[in-house]
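> Chain by chain, the residues run as shown.
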Amino acid sequence: MITLTTKRIYLGIAGLFALNAALFLVPIVPLRLATAIGILFLTPGVFVVRILYPAQKLESLEGLVLTMLASVALNLLFMFGLNVVVHVPFNDLAILVSLAALSAFFALADFVVCSNRGGRRK
Amino acid sequence: MNPNKNSDLIGYIAVLCGLAIYILWLLQVRSIFAGQTANLPVHIDQLPTQLVYWISIILIIAPFTMARFSKPVRMLSLFTLLFIVIFAFALQSPFNVPYSRDPQYTLQASEMIKDSGYWVASTGTGQARGYSDFPGLPIYHVMLSSLSGISLTQAVMWGMGIFRFAIFPLLLFLFFRSILKTNELGLFALFVYFTSPSMTNHPHYEGMAIVFGIAMVYLVFVSEHKYHWRTVALASVLGAATVFTHHFTSYVVFAWLFALAALAIVFVIVCRIPRVSQMSHAIVSERIDWKRFTALFLIFAFMLAGWSMTYGAGHYQLYVAGLNNGFLDVIFPEPAAKQVTASAAASVPRVVGESPLSFATATPESPQQIALTPPNPPKPNVISESINKIRTQVMAGNFKPSEILIVGVVVVLALSLLGYGFILRLHELSFIEIGNFIFFGTLTLAGFLMVVVVRYNIISRMFEFTYIGMVTFLVAGLIALRNRPTLFRQVVFSICAIAMLVAGNLMVSSGQERSFYVADNKATLDSSQVFLTPSTAAMASWSLNNFRNKHAAGESFIFDTVGAYGQVNVHIYEPTLVRGVYNGLTFTDRVRQQMKYDFIEVIFTHKYLATVGSQTGGPFPAAALRKFDEQSWLTRAYDSSIIQAYYLREQI
Numbered sequence: 448m449i450t451l452t453t454k455r456i457y458l459g460i461a462g463l464f465a466l467n468a469a470l471f472l473v474p475i476v477p478l479r480l481a482t483a484i485g486i487l488f489l490t491p492g493v494f495v496v497r498i499l500y501p502a503q504k505l506e507s508l509e510g511l512v513l514t515m516l517a518s519v520a521l522n523l524l525f526m527f528g529l530n531v532v533v534h535v536p537f538n539d540l541a542i543l544v545s546l547a548a549l550s551a552f553f554a555l556a557d558f559v560v561c562s563n564r565g566g567r568r569k
Numbered sequence: 015m016n017p018n019k020n021s022d023l024i025g026y027i028a029v030l031c032g033l034a035i036y037i038l039w040l041l042q043v044r045s046i047f048a049g050q051t052a053n054l055p056v057h058i059d060q061l062p063t064q065l066v067y068w069i070s071i072i073l074i075i076a077p078f079t080m081a082r083f084s085k086p087v088r089m090l091s092l093f094t095l096l097f098i099v100i101f102a103f104a105l106q107s108p109f110n111v112p113y114s115r116d117p118q119y120t121l122q123a124s125e126m127i128k129d130s131g132y133w134v135a136s137t138g139t140g141q142a143r144g145y146s147d148f149p150g151l152p153i154y155h156v157m158l159s160s161l162s163g164i165s166l167t168q169a170v171m172w173g174m175g176i177f178r179f180a181i182f183p184l185l186l187f188l189f190f191r192s193i194l195k196t197n198e199l200g201l202f203a204l205f206v207y208f209t210s211p212s213m214t215n216h217p218h219y220e221g222m223a224i225v226f227g228i229a230m231v232y233l234v235f236v237s238e239h240k241y242h243w244r245t246v247a248l249a250s251v252l253g254a255a256t257v258f259t260h261h262f263t264s265y266v267v268f269a270w271l272f273a274l275a276a277l278a279i280v281f282v283i284v285c286r287i288p289r290v291s292q293m294s295h296a297i298v299s300e301r302i303d304w305k306r307f308t309a310l311f312l313i314f315a316f317m318l319a320g321w322s323m324t325y326g327a328g329h330y331q332l333y334v335a336g337l338n339n340g341f342l343d344v345i346f347p348e349p350a351a352k353q354v355t356a357s358a359a360a361s362v363p364r365v366v367g368e369s370p371l372s373f374a375t376a377t378p379e380s381p382q383q384i385a386l387t388p389p390n391p392p393k394p395n396v397i398s399e400s401i402n403k404i405r406t407q408v409m410a411g412n413f414k415p416s417e418i419l420i421v422g423v424v425v426v427l428a429l430s431l432l433g434y435g436f437i438l439r440l441h442e443l444s445f446i447e448i449g450n451f452i453f454f455g456t457l458t459l460a461g462f463l464m465v466v467v468v469r470y471n472i473i474s475r476m477f478e479f480t481y482i483g484m485v486t487f488l489v490a491g492l493i494a495l496r497n498r499p500t501l502f503r504q505v506v507f508s509i510c511a512i513a514m515l516v517a518g519n520l521m522v523s524s525g526q527e528r529s530f531y532v533a534d535n536k537a538t539l540d541s542s543q544v545f546l547t548p549s550t551a552a553m554a555s556w557s558l559n560n561f562r563n564k565h566a567a568g569e570s571f572i573f574d575t576v577g578a579y580g581q582v583n584v585h586i587y588e589p590t591l592v593r594g595v596y597n598g599l600t601f602t603d604r605v606r607q608q609m610k611y612d613f614i615e616v617i618f619t620h621k622y623l624a625t626v627g628s629q630t631g632g633p634f635p636a637a638a639l640r641k642f643d644e645q646s647w648l649t650r651a652y653d654s655s656i657i658q659a660y661y662l663r664e665q666i
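In the order they appear, the protein sequences are chains V and R. Under the working numbering, the first residue of the first sequence is numbered 448, with each subsequent residue one higher. Under the working numbering, the first residue of the second sequence is numbered 15, with each subsequent residue one higher.
Keep in mind that the hints were calculated from the coordinates and are not lab data. Since we're looking at a predicted model, the values are computed, not measured. A few of these clues could be false.
If the Cβ cut is set under 8 Å, some of the chain V residues that face chain R in the computed set are [as the list claims (entries may be wrong)]: (1) 483; (2) 526; (3) 530; (4) 537; (5) 538.
Calculated lysine to aspartate or glutamate pairs in the DMTMM-like style (CA-CA distance at most 20 Å, straight line) [claimed, not checked]: (6) R:195 to R:540; (7) R:305 to R:238; (8) R:564 to R:653; (9) R:240 to R:303; (10) R:195 to V:539; (11) R:240 to V:506; (12) R:564 to R:615; (13) R:621 to R:540; (14) R:564 to R:534; (15) R:641 to R:653; (16) V:504 to R:653; (17) R:128 to V:539.
Note that the Cβ used here is the ideal one computed from N, Cα and C, for glycine as well.
Start from the sequences, fold in the hints, and give me the full structure.
Right, dumping it as structure tokens:
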């Protein structure tokens with residue numbers, strides 16, 4: 448069962464990517480910068496932390512720090528791996544699509560874990 | 015009005031006034047530099063007094079140190095200060111470009127990834143060649159630039175600040191709060207950490223890796239979740255990020271983990287002694303999950319070894335060689351190699367003709383001097399040698415006597431607080447606290463000793479690590495000053511806290527306000543932002559299009575500008591060449607031969623050569639700098655009011 452909070456997180460992250468993509472066409476730099484920071488620092492860490500630590504066991508501040516750390520580290524390692532192993536180039540579109548794919552993967556994993564945990568997750 | 019609200023209002027006003035003064039000071043300084051591009055360096059008397067800067071900082075942070083203000087005021091005070099400190103690099107760039115060697119070559123490493131679309135190890139020129147073996151930070155800059163649409167230059171300018179401001183303070187707060195147990199002490203620990211003399215926030219690889227490294231140690235040793243496999247998984251990801259971001263940080267984190275594990279075993283053994291067991295009960299009673307810790311340690315060790323044997327091999331070999339040849343040989347010199355006998359001196363040929371060109375190597379002693387040298391010279395005293403070297407560096411640095419006095423007083427104060435804090439916390443010590451203290455205390459001592467080896471001169475950088483082992487004791491000592499709420503104690507406490515911040519900030523080696531206020535006789539061209547004008551940037555762009563990856567003769571300033579931005583191989587590490595090109599009244603055959611050997615295609619000169627020195631020598635004689643236009647084999651290919659480039663027309 449997916450709770451309202453979970454839905455909001457999914458929608459929020461999807462919105463971040465959608466808005467960032469839209470801002471490729473209409474370049475409003477401050478807004479695009481804000482979405483870029485959101486993508487780099489919140490995804491996919493938000494899903495990773497939810498998967499690893501059930502919400503009620505993690506203090507919100509600690510959760511935020513771990514989310515940001517996991518996001519930046521995973522994004523860096525994932526793009527590095529893609530570039531070296533399957534030669535995905537570092538360009539604007541490839542980076543956005545790759546990070547969206549990474550987040551989608553962890554969102555799906557979160558969904559599965561969340562469903563299995565059932566009512567235990569708030 | 016409620017008295018508390020009244021005092022809070024004073025606190026808010028102090029912070030806002032401080033911020034306003036800081037902004038005015040910053041705008042004024044930047045506008046002076048913008049108006050003086052043709053007449054650099056800017057003289058101190060043209061700038062607003064440094065007192066303005068310090069008044070603004072004191073106004074901003076004073077409310078945080080005062081217990082009477084409410085939490086929101088104190089938080090605003092602290093985070094305003096953290097913002098100014100962390101974003102100092104970008105805010106205080108006089109010409110709005112990344113400055114100093116690390117950021118400039120980081121920009122090159124990032125540009126190479128973005129331009130080609132691919133990461134390739136050991137590419138680029140100068141420092142970037144080594145930096146490209148650790149792609150964490152450049153990839154972060156490329157991703158930030160691509161996703162946000164800002165230029166790569168701006169991504170390098172602001173990226174590190176964004177990363178560190180978002181994560182580092184919160185991580186440090188969590189780390190120290192877990193040890194000190196209260197939010198209040200956690201906040202003070204955060205503040206004390208930011209008084210570190212190594213609190214550099216410019217785009218440097220260590221600055222990013224240290225965040226991952228501390229987070230990893232936090233997860234496995236401090237966090238409440240340290241007993242779970244999921245924590246090992248997350249810590250492994252952070253460990254991987256550390257390894258592929260910075261070599262030295264990875265080695266320190268590895269040693270840190272190893273030391274904590276070794277100390278845990280030692281404590282278990284030592285606690286069997288009855289008297290000790292009473293004292294160390296709290297330390298030993300802390301359970302370490304050996305299974306999970308060993309798993310993480312092995313994972314990290316494999317990752318580090320893997321990277322060090324492949325992409326990071328160059329740096330690994332450099333560290334090993336440096337440690338053997340420099341540090342260990344100084345401590346344990348081999349007697350046979352060090353002895354110079356009088357009979358050997360007699361066989362040394364007399365040096366005639368021109369003096370040696372190399373100024374990096376020691377000048378050979380004359381036979382007479384060698385003859386006077388006793389056959390068994392005394393063993394060098396490493397400690398006194400280190401202290402002398404530090405003293406020499408401080409005296410040669412851009413410090414005023416009053417600043418040296420402040421730093422000296424605060425060093426004594428900090429050591430006293432550290433000792434007092436240690437005594438106060440003796441009965442509350444946790445394993446991680448005493449473990450950190452022993453490990454980083456040893457590292458600090460080793461760092462001071464390493465000063466004798468120039469390549470390991472880490473004094474200005476090591477406190478970013480070693481403060482982790484000292485912060486909790488410094489906080490305990492500091493807080494003890496105001497354990498009774500009297501006005502006098504509050505004033506003493508605030509003065510001590512602010513003095514620590516001021517002294518630490520004075521010692522920070524780049525990005526701080528002091529770098530603007532350089533006396534004429536202490537100005538250098540090394541990594542100095544005050545010379546990076548738009549004209550210099552234009553020259554670098556031109557070089558990028560015309561001399562990319564080609565070899566050039568230049569010195570520090572050319573290495574940092576044309577070398578970094580223009581991706582030109584500037585032969586800075588050949589002092590014979592640098593001195594031969596700029597110092598002689600003509601080009602000797604030896605210099606021309608070396609240029610041919612080095613495939614030099616261009617020589618750069620600039621207007622500061624005759625007036626300002628650098629690590630590579632100078633100021634050079636004006637007469638010697640006029641020779642370039644007189645050579646038939648040199649063509650002036652680029653000309654500006656600041657930099658000139660001479661193309662070598664023929665193979666010399």
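> Indicate, hint by hint, whether the structure satisfies it.
Results for each hint:
1. 483: holds, 4 Å
2. 526: holds, 6 Å
3. 530: Cβ of residue 530 of chain V sits 5 Å from chain R, so the hint holds.
4. 537: holds, 5 Å
5. 538: holds, 6 Å
6. R:195 to R:540: violated, 44 Å
7. R:305 to R:238: Holds, because 17 Å separates the two Cα atoms, which is no more than 20 Å.
8. R:564 to R:653: Holds, at roughly 19 Å.
9. R:240 to R:303: holds, 8 Å
10. R:195 to V:539: violated, 45 Å
11. R:240 to V:506: Since the Cα atoms of residue 240 of chain R and residue 506 of chain V sit roughly 14 Å apart, the hinted pair holds (cutoff 20 Å).
12. R:564 to R:615: holds, 7 Å
13. R:621 to R:540: The hint holds at about 15 Å.
14. R:564 to R:534: Answer violated: residue 564 of chain R to residue 534 of chain R is near 34 Å, above 20 Å.
15. R:641 to R:653: holds, 16 Å
16. V:504 to R:653: violated, 65 Å
17. R:128 to V:539: holds, 9 Å
When the structure is compared with the earlier hints, violations turn up for hints 6, 10, 14 and 16 and for no others.
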